[in-house]
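A.B. asks: Quick mapping for you: the protein sequence lines, in order, are chains G and A. This note's numbering applies: residue 51 is where the first sequence begins, and numbers increase by one. This note's numbering applies: residue 48 is where the second sequence begins, and numbers increase by one.
The set of hints was computed from the structure by calculation and includes no laboratory data. These figures come from a predicted structure and were not determined experimentally. The beta-carbon is built from N, C-alpha and C at its ideal position, and this holds for glycine as well. Where hints are given, some of them may not hold.
[Unchecked claim] Pair ranges (Cβ atoms, derived):
{"id": "1", "chain 1": "G", "residue 1": "80", "chain 2": "A", "residue 2": "54", "range": "19 to 29 angstroms"}
{"id": "2", "chain 1": "A", "residue 1": "69", "chain 2": "G", "residue 2": "94", "range": "52 to 62 angstroms"}
{"id": "3", "chain 1": "A", "residue 1": "53", "chain 2": "G", "residue 2": "104", "range": "21 to 31 angstroms"}
{"id": "4", "chain 1": "G", "residue 1": "94", "chain 2": "A", "residue 2": "63", "range": "29 to 39 angstroms"}
{"id": "5", "chain 1": "G", "residue 1": "107", "chain 2": "A", "residue 2": "53", "range": "50 to 60 angstroms"}
{"id": "6", "chain 1": "A", "residue 1": "136", "chain 2": "G", "residue 2": "76", "range": "13 to 23 angstroms"}
{"id": "7", "chain 1": "A", "residue 1": "208", "chain 2": "G", "residue 2": "53", "range": "19 to 29 angstroms"}
{"id": "8", "chain 1": "G", "residue 1": "94", "chain 2": "A", "residue 2": "105", "range": "22 to 32 angstroms"}
{"id": "9", "chain 1": "A", "residue 1": "136", "chain 2": "G", "residue 2": "104", "range": "43 to 53 angstroms"}
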Amino acid sequence: MNLEQSLRQLKKIVPDEQAMRKSRGIILAHDPYPTPPSWATRIGSLIVENVQIATSIALTSITILLFTSGPSFLEKISPLKFASVDRSAITAEAEAVDIQIKLADLAYNEPERLTPVPALAVLAKKITAVSANETSTTTSSTIPEAFAIESPASVEEALDTLSQ
Amino acid sequence: MIDPEKDLIEKAKTADQTAFGILYDQYNKQIYRFILLKVSHRQTAEDITHQVFLSAWLNIRGYKNQGFPFSTWLYRIARNKIIDFYRTKREIVEIDDETNQKITDYIAIDTAEKANRTWELEHIKKAITSLKPEYQDILIMRFIEDMSIRDIAKIIEKSEGAVKLIQHRAMEQLKNIIHKKG
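Start from the sequences, fold in the hints, and give me the full structure.
C.D. replies: Have a look at this one:
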């Protein structure tokens, strides 16, 4: 077998005509040099791009200002002046409100606030009174004498008495 | 390079579809053969051939005449596309190899000589496929497409002496493979 001749036999390999015709059509349908856009189109697209960029920058700036300066900045730049946010009006309104404290209540509550001990003393008295009554009525139940205390002067004394 | 081809290339550079169409008709068969013998799959060879000519059409402006046939440029594109194919589609190729297509799937052989010829060509094709890619390239271009050593050297970017040496080695290896299998 002559190898070179045999190799030349492979030249009989041919592509599928239909596939090649289709491929040829697709290739030639491509534009090798796409037409560059006209000047008007370029300028138009440039403007649109710049407007988009400017808008995004402006929105970002506003957002940053809002976060950093807060309501005081809004108050300064806002063209609208709402009565609800008028500081002087709010102050006047606050001053006009009747906020008199009932001094009588204060006077009443003050001693108890300063000396909480009497409350315990009152409690101890009540317990003593109740136990005395029960002792007199029921003989089986015995109440320790410790409960029968004189009104202690302070919490410490009351607690000492109770522990005894 | 023959003058009509030069004219066609110059016209194609101005996006002349007819001119490029003629170049396509002139070279698509040999580029397809080259690719098919390297990938051993008809549809794949058609796809890569399509990519080669599409790439050539889209980049025709960058083509520079260096005194070589237009086909040398196409072969270089084809080699790169085949390398890309094997690099990215290795798994698919392995699957395709299992469904190896017969030589009769893409060669029209006369009925009278069909039996002997089919066996012989199948044998040679398999032997070529088992060679190194560089050996395959040189054997296909030199013995199937009858290209000159000079043009092949340009395509594979080696000296003419190196091409002759590789051609010799490739033929020896091909003979050995055929004798072993035969």
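A.B. asks: Now tell me if each hint is right for this structure.
C.D. replies: Hint check:
1. G/80 x A/54: 19 to 29 angstroms: 22 angstroms, holds
2. A/69 x G/94: 52 to 62 angstroms: Given range 52 to 62 angstroms: violated, Cβ gap about 40 angstroms.
3. A/53 x G/104: 21 to 31 angstroms: For residue 53 of chain A and residue 104 of chain G the Cβ distance comes to about 53 angstroms; the hint is violated.
4. G/94 x A/63: 29 to 39 angstroms: 32 angstroms, holds
5. G/107 x A/53: 50 to 60 angstroms: Because 55 angstroms falls inside the window, the suggested range holds.
6. A/136 x G/76: 13 to 23 angstroms: 21 angstroms, holds
7. A/208 x G/53: 19 to 29 angstroms: 23 angstroms, holds
8. G/94 x A/105: 22 to 32 angstroms: 28 angstroms, holds
9. A/136 x G/104: 43 to 53 angstroms: 47 angstroms, holds
Violation of the numbered hints given earlier is confined to hints 2, 3; the remaining hints are satisfied by the structure.
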